[in-house]
Amino acid sequence: MAKSLTSYFDELRDSRVWRSIFRSGPGQSNLHHALVVQSNVFLHLFSVKARKRVLDFSVTWYLGALTFGAFLILVITGVLLMLYYHPAVPLAYTDMKDLQFVVSSGVFLRNLHRWSAHAMVLLVFAHMFKVFYRGAYRPPREFNWVIGVVLLLVTLFLSYTGYLLPWDQLAYWAVTVGSNIASAVPVFGHHIRFLMLGGNLVNANALLRFYVLHCMILPLTAIFFIAIHFWRIRKDGGLYAGTPTTIAEKEGER
Amino acid sequence: MANEAEKEKQEDPEGNLNRRQFFVRIGLGSLAVAGAGTAVFAYQFLSPNVLYEPSPIVNAGKPASYPPDSVTLDPATGIFVVRETQGFFALSAVCTHLGCLTAWKPDLGIIACPCHGSKFKPDGTKIAGPAPRPLPWLRMWLSDDGDLMVDRSSPIAARQFVRI
Chain A
1 MAKSLTSYFD ELRDSRVWRS IFRSGPGQSN LHHALVVQSN VFLHLFSVKA RKRVLDFSVT
61 WYLGALTFGA FLILVITGVL LMLYYHPAVP LAYTDMKDLQ FVVSSGVFLR NLHRWSAHAM
121 VLLVFAHMFK VFYRGAYRPP REFNWVIGVV LLLVTLFLSY TGYLLPWDQL AYWAVTVGSN
181 IASAVPVFGH HIRFLMLGGN LVNANALLRF YVLHCMILPL TAIFFIAIHF WRIRKDGGLY
241 AGTPTTIAEK EGER
Chain B
1001 MANEAEKEKQ EDPEGNLNRR QFFVRIGLGS LAVAGAGTAV FAYQFLSPNV LYEPSPIVNA
1061 GKPASYPPDS VTLDPATGIF VVRETQGFFA LSAVCTHLGC LTAWKPDLGI IACPCHGSKF
1121 KPDGTKIAGP APRPLPWLRM WLSDDGDLMV DRSSPIAARQ FVRI
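Chains as they are written, first to last, in my numbering: chain A, 1 to 254; chain B, 1001 to 1164.
Bound conformation, chain A alone (with noise of 0.2 Å):
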């Protein structure tokens, strides 16, 4: 009489409840799977199948899943820093501080958090140099690269804004340092310095700007690159294999 365990979980995918989430239902078969994952919003970025051979760590390293990882712990724990920091020049330092020492479990998100960032700085670039040398950039994959260097390029700045916040020596000189960088632009330096700081100095504007670049703007555009970036792999055939196999892959050979 003993139903298994998978039994229960088909009774589940059953239910009304579970089919009007779900809606593809209990069922083993390549269409079921299939259905799966099309019919979920973040699944269906993804393709419903992949060649067993990109799936080795050989081809890819998993560069850029781990890279998409270490972007997840970020966002978690960046989450959770917020819930004690305070951007405001008085505080923040000492905020900080806090973290480190007073809150429980702080330091180790804090450090979690810094350790993540720069990982994730050097995924971005192995996943990119791994992907150069592969030849992964080719077409019909040119525009998923260009979308790598957008995300690149958001990384760096995530970086660099996040690199402010704890409104020490080492962040305050840091971003006077790359703030007059930024002015040395031709003609426009002096404003793009201006926009960026909300001022002359790297003062109270200045701390808020970073933190509502680093905590939603930055990342929101992240996730929504991301997202494309995820898609385009499933556009443009599938992860790359090594030699062109697609019909999309063969024409870009030509």
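There could be a bad hint or two in this list.
To be verified - Incomplete in silico selection of chain A near chain B, CB under 10 Å:
1) TRP173
2) ASN180
3) SER183
4) HIS191
5) LEU195
6) GLY199
7) ALA204
8) ARG209
As the list claims (entries may be wrong) - Calculated from the model, a selection of chain B residues having no Cβ within reach of chain A, i.e. all distances over 12 Å:
9) GLY1029
10) ALA1036
11) ASN1059
12) SER1070
13) ASP1107
14) ALA1112
15) ILE1127
16) SER1143
17) MET1149
18) PRO1155
19) ILE1156
Everything labelled a hint here was simulated from the structure, so no lab data went into it.
Using N, Cα and C, we set each Cβ at its ideal position, and we do this for glycine too.
Take the given structure of chain A and dock chain B to it, following the hints.
Showing chain B alone in chain A's frame:
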């Protein structure tokens, strides 16, 4: 019906717009105006009109508080007050390279930047490093109370001493 739609797409031989083309142009034109307006509003909104930044004019205290032949840095205001035999002058302590705060090295007799290694003489002239320009001299005068005043926002030509 198909013929009518086709007629609408055809260009008028006299170059007149048909109704659809006319409204498309009006629509695109309004979008362009709205886009330009949004850009102007965005720029204005992002540029603060009032800044709560410290005043560029600094009170550097009594001249007597500076010993003869001395270079004194005030890190809070980013200026050097230099006393030489010819008189006093104020030097910006903000490196002309990328804006770091320079420091006076009394044992070497130079001003040095910690960020990228620029070196200056105590009169601001550049000795070495990536800095493109010498440290600017700043307008300095004596207030009615006998205090040295410095205007950090007005650089002046070098070698204009305040004699007391």
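Exercise. Kindly indicate which numbered hints from before are broken by the structure, ordering the numbers from low to high.
Key: No hint contradicted; all consistent.
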